[in-house]
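Here the structure of chain X is known, so what remains is to put chains U, D and L in place on it, guided by the hints.
Protein chains: 4
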Amino acid sequence: MTEFIAEGSDVFLYLDQRRTYLVKVEAEKSFHTHKGYIQLGDLIGKEYGTRIASSMDVEFVALKPNLRDYIFKTNRRTQISYPKDISLIILYSGIGSESRVVEAGTGTGALTSAIAHYIKPSGRVYTYEMRQEFQKNAKKNLERAGLLDYVELKEGDVTEGIEEKDLDAVILDMATPWLVVPHAYTALKGSGALVSFSPTIDQVVKVVEALADYGFVGVETIETLIRFMQVERGKTRPQTVMTGHTGYLTFARKAVNAPQQV
Amino acid sequence: MTEFIAEGSDVFLYLDQRRTYLVKVEAEKSFHTHKGYIQLGDLIGKEYGTRIASSMDVEFVALKPNLRDYIFKTNRRTQISYPKDISLIILYSGIGSESRVVEAGTGTGALTSAIAHYIKPSGRVYTYEMRQEFQKNAKKNLERAGLLDYVELKEGDVTEGIEEKDLDAVILDMATPWLVVPHAYTALKGSGALVSFSPTIDQVVKVVEALADYGFVGVETIETLIRFMQVERGKTRPQTVMTGHTGYLTFARKAVNAPQQV
Amino acid sequence: MTEFIAEGSDVFLYLDQRRTYLVKVEAEKSFHTHKGYIQLGDLIGKEYGTRIASSMDVEFVALKPNLRDYIFKTNRRTQISYPKDISLIILYSGIGSESRVVEAGTGTGALTSAIAHYIKPSGRVYTYEMRQEFQKNAKKNLERAGLLDYVELKEGDVTEGIEEKDLDAVILDMATPWLVVPHAYTALKGSGALVSFSPTIDQVVKVVEALADYGFVGVETIETLIRFMQVERGKTRPQTVMTGHTGYLTFARKAVNAPQQV
Amino acid sequence: MTEFIAEGSDVFLYLDQRRTYLVKVEAEKSFHTHKGYIQLGDLIGKEYGTRIASSMDVEFVALKPNLRDYIFKTNRRTQISYPKDISLIILYSGIGSESRVVEAGTGTGALTSAIAHYIKPSGRVYTYEMRQEFQKNAKKNLERAGLLDYVELKEGDVTEGIEEKDLDAVILDMATPWLVVPHAYTALKGSGALVSFSPTIDQVVKVVEALADYGFVGVETIETLIRFMQVERGKTRPQTVMTGHTGYLTFARKAVNAPQQV
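Residue numbers (the numbering used here), protein chains in the order written: chain X, 1 to 262; chain U, 1001 to 1262; chain D, 2001 to 2262; chain L, 3001 to 3262.
Think of the hints as simulated: they come from the structure by calculation, not from any bench.
A few of these clues could be false.
To be verified - With the C-beta cut set under 8 Å, the calculated list includes, among others, these residues of chain D facing chain L:
1) Thr-2002
2) Tyr-2048
3) Asn-2066
4) Lys-2084
5) Ile-2086
6) His-2117
7) Ser-2191
8) Tyr-2248
9) Ala-2255
What the hints assert, rightly or not - With a Cα cut of at most 20 Å, we get these calculated EDC-like pairs of lysine to aspartate or glutamate:
10) D:Lys-2235 x L:Asp-3202
11) L:Lys-3165 x D:Glu-2003
12) D:Lys-2165 x L:Glu-3047
13) U:Lys-1235 x D:Glu-2232
14) U:Lys-1235 x L:Asp-3202
15) X:Lys-46 x U:Asp-1166
16) U:Lys-1046 x U:Glu-1026
17) U:Lys-1235 x L:Glu-3209
What the hints assert, rightly or not - These stretches of chain L come out as covered by chain D in the derived footprint (C-beta under 8 Å, 3 or more residues):
18) 3045-3052
19) 3205-3211
20) 3242-3256
Heads up, the beta-carbon is just placed ideally off N, CA and C, and yes, glycines get one too.
Here chain X stands alone, though its shape is the one from the complex (with noise of 0.2 Å):
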């Protein structure tokens, strides 16, 4: 079916790559760029994806948000954000529309938004996080994308301890991700996923070690490149500017009856 914009409803204005809004449609706003002001309300049961004029008569395009574009306009104080990890941290967990999955921390919600947005409708998200501001912050990007409902959001430091048991993944992005596994080699179901985001190699060492020490298996660590190419006939060629590093990913699957526990 054809969906349409309602009074409301969140429109991504796009002008180009690098402009690009969130914006909440309202029978009486206009929202104000550079290139001139947009009557919100002109949108008002158009379809999404309709192009419209701005004061200034340049075209924008009223595209309806979808998952990447929640998670990119939100507010960006962490470190995780990259879609090349979030993407191979979803697949790679092997999470899907039952699981039950523990985060930590929850920092902006970027990623807390993706796992929220897979586990959809029958899974739940429990997500660790000791700074408050942040856990608002995130719980107000997770309600902006229609994600708050799959999620818990917890005060509390993993590295203490996980609460839930029977998980399917635990995912963490934070400092010492070593020693949460303990705790997740506890929570988690045999055979579920333990994956780590971590900066610098030497987290990575402790990581592999402590999954090691209890007999995770399946132990693999890898980092990404992206690179975007500028593609026009005759002139074609990769981008100058590249993101040469965001982090490591670990993963791991939990074995049960391992030696090393006792």
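Below, chains U, D and L alone, put in the same frame as chain X:
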């Protein structure tokens, strides 16, 4: 809840990172490896993730197969079977638990499986393939992964038209994706996503030109690289072996009332 | 023998990796930085590599400038100034202390300097440039680096012909290298090397086709990436900032009696 | 001057990028390949780069071997044989036609050959190796490449000391480079360069710490990646096969009067 292995379950027998086996558990059968055989019946009633010794007393772990395990244990007769590419296709296409998606071509069903996994339980994948033997094989793979209910396998040539309407995404892994752009434009919802995977830069240029002709927005082309790390205290280093190229990914979103649209 | 700084010597004043200055030592002069000034006369008679305190008591090191220091402190008005590319051009072109090399265009003289450094003392570089202001600037840079004696700066358009004969290498960093291939074929010795640096893939395709037309062998195109590491026990990681693309390098060698040669 | 092939010359027989042969021309000999044999005497008096048909009428090209050809046709028993690394070592070390350089270990002599080539004709390489059989092989390779006159092959353990003084550069490709840093400090001129090639990040951390202890400046660590392109109009793409890692390169320069220097 703890999950137990039953007669008829699949298990993912793990010896090490290079030696893993996707096996159906049957009470009377044994599974032979060069490290001895495993009495599959012994696994029945055990928790997933259990360790089991082979006849040569080599330890295997009986993991519960996840999406990735199914994808990478299916027949690899076609190109796209790289997690780095599949995972970004899923994230960037914006699909989720209710999305309706057209895919072409079906190939081994690897990408089909991933799409089906993430549009569960309320979405649907329509996958086009012209070669019957591929379709047959893909069907078997989807069935094994428990995803066939979410997929409609279609024999047809997507360059001649797409039968579905109001799609959330069209995902292309085929030789001439630019020929599908006009049909994708018609078949997509406003704001819907088109994703194309192509090994050569020439294909990319043609797709990007076709997307511009139809007024798609948010057009971007990327390539990703993945590198495995060898992690061991005192000997940590990236692995020597690396895949240098799989293909380029092009993403776009449909704008409606495109000036170029006749 | 220990080398000492003299009146008129260049020194490469090093504060840290980002703050370095190429300075000529004059007895009565001081060099001003935002970390205080340095009395250059104090360096006279000291060994290269000596530490010296500024007026604000910040320590600098007075290194002897090497090729790389000269290259990267010259005016960067043109494209190729990347050590990863320059160094492979030098190695793959096979040039050495007696080689005769044509280069086009001269640009800032960065690549010219590198070629001149490595064909010392018995080789010669003939470098073509059409824009007088570039030539002038390059001349100044070469003179400062002590390499001008090995270089002939020529004002001319290499797409219209190369005056030299029996060259060991022709090295191209220009917009239309394929137009030079016929002239390079004539100007090179049998077995001589052609190297071309191009930012776009379209340029590469045209060069490779032209090389095939003239029967060149050993044709190969590469790109290189360089990534800086941040090394500190407990915090080691690749740097976030990275250059994603400079250009492609194409290498070839002249075969004589080519069937395609008219 | 045109250069002609003589009795006793080496030629680099080129069939295609993967099939090349370094061969000494002798009047009465023939060289056998699976594409037929070549009468080497027929090459005498011909220009380098000449095309020659084998007995099976397959065309080869008799190139004049250059540095790279010699390096990559020598016995590859040790690690560093990657042009991307060798070329940056040469450029960043700042060496040229008069430099005095210590290298350890000699290995196959691949890097030794490169250094020798670039310090010609007035410089000198002192290369340390503890294993006699390596030294013997390296000597043969250097002799063949015409570079032995510029090299002193030394049997010795550079972790116990360096006999030379006032060196322009110390270049290390060995397991424990940090043990050589104190000796390199003593052996180098002020402002001289130390370069270390190491496969593991652990080695890098130790070297960087040792360099800091001795007050070296300009310390930086990089890694490089090289990717081959498959260039053909309509089918252009990076090659699938790629080397993911060879080693890290660490560079530094000696500052004198270091506070840490006792």
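Exercise. Given the hinted pair X:Lys-46 and U:Asp-1166, is their alpha-carbon gap at most 20 Å?
Worked result: 15 Å, holds
8 Å C-beta criterion, at least three residues: is the segment 3205-3211 of chain L covered by chain D:
Coverage by chain D holds here, the residue count being 3 at a Cβ distance below 8 Å.
When the nearest CB of chain L is found for D:Lys-2084, is that gap smaller than 8 Å?
-> 6 Å, holds
task: Three residues minimum, CB to CB under 8 Å: does the segment 3045-3052 of chain L make the cut for coverage by chain D? Let me know.
output: Three-residue rule met by the segment 3045-3052 of chain L, so holds; n is 5.
Should the hint that D:Ser-2191 touches chain L count as held when the rule is a Cβ pair under 8 Å?
4 Å, holds
Closest C-beta approach of D:Asn-2066 to chain L relative to 8 Å, hint status = Holds, because the Cβ-Cβ distance from D:Asn-2066 to chain L comes to roughly 3 Å (cut-off 8 Å).
Under the criterion of a CB-CB separation shorter than 8 Å, is D:Ile-2086 in contact with chain L as hinted? 7 Å, holds
Evaluation of the interface hint that places D:Tyr-2248 against chain L, nearest CB under 8 Å:
6 Å, holds
When you check the alpha-carbon spacing of D:Lys-2165 and L:Glu-3047, does it fall within 20 Å? 15 Å, holds
Please work out if U:Lys-1046 and U:Glu-1026 have their alpha carbons no farther apart than 20 Å.
14 Å, holds
**Request:** Given the hint that U:Lys-1235 pairs with L:Glu-3209, test it: the Cα-Cα distance must not exceed 20 Å.
**Result:** The hint holds at about 17 Å.
Worksheet item: For the hint on D:Thr-2002, does the least C-beta distance to chain L fall short of 8 Å?
Response: Interface hint status for D:Thr-2002: holds (6 Å vs cutoff 8 Å).
This entry satisfies every hint, going by the numbered hints stated previously.
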